[in-house]
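First to last, the protein sequences are chains E and D. Numbering-wise, the numbering used here puts 23 at position 23 of the first sequence, and it's gapless, one number per residue. Numbering-wise, the numbering used here puts 145 at position 145 of the second sequence, and it's gapless, one number per residue.
Calculated directly from the structure, the hints in this document are not laboratory data. Note that the Cβ used here is the ideal one computed from N, Cα and C, for glycine as well. Please note that a few of the clues may not be correct.
To be verified - Which residues of chain D face chain E? A partial, calculated answer using Cβ under 8 Å:
no.	residue
1	151
2	284
3	285
4	288
5	336
6	338
7	343
8	400
9	403
10	404
11	407
12	415
13	541
14	542
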Amino acid sequence: MKRRAGAMELVGGAMVLSLIAVALLAPWLAPHNPIRAVAPTFGNPAPPSWAFPMGTDELGRDVLSRVIYGARISLTVGVAAMAITMTIGVGIGLVAGFFGGTVDFLLMRFTDVMLTLPGLLLAMAFVSVLRPSLLSILLVIGIVSWTGIARVVRAEALSMAQRDFVLGARALGASSPRLIICHVLPNVMPIIIVMAALGTSGTLLLDASLSFLGLGVPPPTPSWGRMIEQATMYFRVAPWLAAFPGLAIFYAVLAFNLLGYGVLRRRSA
Amino acid sequence: MKCARLASAYRGRAAGAIWMLAAAAMLLAVSGCSREGDGLGLPKGSSVLRLADADDVPTLDPAVGYDTLSWSFEQEIFSTLVRYGDADIELHPDVALSWESSPDATVFTFHLRKDVRFSNGRPVTARDFRYEIERVLSPATRSKGIEYFRSIAGAGDFIAGRTRHVAGIVIPDPYTIVFHLTAPDPLFAHKLAMPFAAAVPREVVERWGHDFSRHVVGSGPFMLKQWIGAERIVLVKNPWYFVKGLPRVDAIVDQIGVGPELGWLKFEAGQIDILGGIPPAEFPYVMSTPRLRRLTLSQTTISTTYLGMNCQMAPFTDVRVRRAFNYAVNKQKLIAVLNGRGVVARGVMPPNLPGYDPGLRGYAYHPARARRLLEQAKIGPDFHPTLWLRADPTTVILAESIQQDLELVGVHLDLKPVAWGPLLEAIRQPHNVELFLSGWEADFPDPENFLGVLLSKQQWGGNNDTFYSNPRVDELLAEAAPMTDLKKRYKLYDQAEKIVVADAPWVFLFHPVSYVIRQPWVHGVVLNPMRPTRFERVWLSPHRE
């Protein structure tokens with residue numbers, strides 16, 4: 001059981017590393033410039049061939065190069081948005097769980113309210129107001145996806161706050177911020193890591209959805225969601241345009257999910 | 001204004017996305033419905049033409065409507081003094097059997113048919129036309145058509161409330177109407193072909209007030225039977241229509257809330273007879289499938305799509321930069337990206353506009369020349385202009401193609417897709433938007449409607465969104481506008497256009513070609529290059545639904 005959990009997390013980790021490598025090495029890995037027309041297939045996308053293994057799109061761009069460069073945007077958004085999500089979620093969860101009482105009540109009711117708002121719609125509303133850019137996408141995804149993390153962290157912090165080592169430190173005169181940062185946080189860290197890995201796949205999907213709805217990073221920057229959105233116009237005649245970025249999203253989401261569940265299973269095993 | 005009408009042919013990206021979601025849900029809901037025509041109280045065996053539109057019709061009040069969708073229904077319900085042919089842009093008699101104008105184009109006289117009746121049976125007279133034009137001129141109506149009739153003598157006094165009627169509209173007998181203008185206007189009869197000048201029964205308007213739009217009565221081939229907001233509009237044959245034997249179908253049912261994708265599915269299922277606008281997603285498939293290709297009709301519209309450059313904002317103040325952009329953009333590629341749905345533009349005027357100059361050379365695709373011009377203008381490698389455009393998938397692809405082309409000459413274009421309303425707002429402010437993608441569709445088949453409306457200094461802050469000005473062009477336009485000798489008139493406009501092309505306030509892109517698809521059992525559909533399709537001559541052969 002324990003060995004299987006390890007395999008899962010290893011595979012997930014390797015997949016995540018491969019994604020990071022592709023993103024970092026994009027200029028060397030991509031056979032063509034992802035923005036320029038490299039084949040005259042305007043309005044008439046070309047199927048995969050030896051020269052262009054994933055075909056070319058309606059503007060004559062190489063799909064393989066675009067998928068490779070798309071990893072940069074997707075990973076940046078996925079990971080950076082997760083960092084924002086984590087900062088907000090962990091902060092609120094820790095404070096609510098540690099202090100309890102009225103603070104807990106107010107923060108958790110606020111969280112409940114945020115939970116009732118559908119994430120995608122809220123994100124669409126925010127992006128429409130802010131104007132799509134990399135920064136606004138990051139912020140918006142961070143703002144709409146912290147609630148689940150806050151609840152989990154709060155539950156952990158609530159039990160930690162009553163543990164002897166925390167009570168002991170408090171008796172020795174440690175201040176609340178010190179107790180939270182030096183004693184509670186390190187002990188809820190494992191669950192945060194799991195949530196972060198699992199959450200990243202969520203933010204990747206949310207980014208893809210926003211891009212699909214035309215609210216993602218503006219063109220010509222290649223992003224997987226946008227590639228699929230533009231491919232819908234050619235779905236009947238050129239299904240590969242949607243299939244390859246779709247597979248890339250599938251791969252990335254699977255990678256982070258495997259990693260997250262792997263860590264989770266090992267922890268509970 | 002008119003460019004907003006052009007835009008209504010496109011569909012917003014967000015709306016499109018929401019439609020994709022809605023389409024699935026609606027398909028489930030609709031699939032259980034009974035056949036169209038049921039529950040309408042039509043006799044068994046009636047022939048019903050089934051249409052579909054994404055959006056509800058904004059209005060059916062001819063004094064108010066100024067968009068393609070409203071006009072497509074208004075022209076079925078109402079009749080005007082003169083009208084365009086089904087497929088041409090010549091003026092034909094409608095209610096007026098004949099008309100004449102004074103040699104100086106300041107007095108226009110129309111002689112009306114005596115057998116025209118509203119769908120409630122009441123005869124139509126010249127007063128009904130005067131009443132509608134006065135409604136349009138009345139500030140309370142807030143009609144966008146007011147500009148077209150300001151040139152009638154006495155219009156100013158009427159608008160100010162100083163007179164009961166417009167002094168320049170004279171009715172010597174119930175079947176004659178005479179218009180006196182304050183300045184020569186050879187195009188005046190064309191203005192009377194717009195729904196703004198349709199015959200409208202005063203008693204019905206006064207009975208319903210602002211609600212007239214929902215209870216319209218006109219003298220056109222069809223009459224309104226039912227309009228359930230955001231669900232459907234049903235028109236039935238007007239029994240009093242003055243052209244015998246028309247319309248050929250008994251009713252038109254327009255289903256509202258059917259987006260392009262759902263519309264396509266319903267068309268393929270045989271539930272829609274004519275689909276105006278094949279969704280971009282399906283276009284390549286339709287054209288590569290002979291069975292479907294045969295069912296399509298196409299028409300080059302009298303419109304021009306262009307990339308506007310703000311001539312008051314550096315570096316676009318420099319004509320070399322503007323010319324460089326013209327040489328840098330590959331227009332053939334844009335047409336290819338549109339799967340052939342366009343004709344390359346060489347200047348301002350579309351090829352099927354009277355007065356079009358076939359000798360105009362325009363700008364060929366020549367990136368090397370573009371680079372040279374940019375170097376001469378001292379444009380550095382850090383030039384990052386922003387192109388504003390409508391956020392709709394097709395427009396974004398076109399913009400990306402332009403972005404690619406400019407990248408090759410060292411210009412890094414940023415794209416700013418926004419909704420149509422904010423785009424129009426933004427480009428009307430001086431010193432605000434340096435580059436934008438826009439288009440213009442003719443209201444009348446005359447060069448004035450392009451050159452005068454879009455490029456004269458008078459229209460700064462109006463429709464001249466590039467804030468272009470050349471005193472010589474303004475002189476030529478002023479000279480041409482009142483000219484009734486068409487040959488001389490067009491010559492002057494052609495001269496003006498040549499100067500405009502040399503000054504290059506736009507990148508002249510293309511003239512769009514519109515497509516519709518109809519079922520094999522639908523006959524008599526023709527497209528007009530400037531107006532929505534008319535349905536009174538359309539007929540259906542027996543078929544299984």
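Quick rundown of the hints versus the structure:
The beta carbon of residue 151/D comes no nearer than 42 Å to any beta carbon in chain E, farther than 8 Å, and the hint placing it at the interface is violated. With 8 Å as the threshold, the beta carbon of residue 284/D comes within range of chain E, its nearest partner Cβ sitting at about 5 Å, so the hint holds. This hint holds: residue 285/D has a C-beta 4 Å from the nearest C-beta of chain E, less than the 8 Å allowed. Hint status for residue 288/D: holds, given a least beta-carbon distance of 7 Å to chain E, under 8 Å.
For residue 336/D, the shortest C-beta to C-beta distance to chain E is roughly 4 Å, which falls under 8 Å, so the interface hint holds. Taking 8 Å as the C-beta cut-off, the interface hint given for residue 338/D holds, the closest approach to chain E being about 6 Å. Interface restraint check: residue 343/D against chain E, minimum CB-CB distance 15 Å, threshold 8 Å, status violated. For the restraint placing residue 400/D at the interface with chain E, the shortest Cβ-Cβ distance is roughly 5 Å, inside the 8 Å limit, so the hint holds.
Because the closest C-beta pair between residue 403/D and chain E is about 6 Å apart, less than 8 Å, the hint holds. Annotation: interface hint on residue 404/D holds; nearest CB of chain E at approximately 6 Å, less than 8 Å. Among the interface hints, the one on residue 407/D holds; its C-beta lies about 7 Å from the nearest C-beta in chain E, closer than the 8 Å criterion. At its closest, the beta carbon of residue 415/D sits 6 Å from a beta carbon of chain E; the interface hint therefore holds under the 8 Å criterion.
Of the supplied interface hints, the one on residue 541/D is violated, with its beta-carbon coming no nearer than about 29 Å to a beta-carbon of chain E, more than 8 Å. The interface hint given for residue 542/D is broken, as the beta carbon of that residue sits about 31 Å from the closest beta carbon of chain E, more than 8 Å.
Violated hints, listed in ascending order, are 1, 7, 13 and 14; each of the other numbered hints is respected by the structure.
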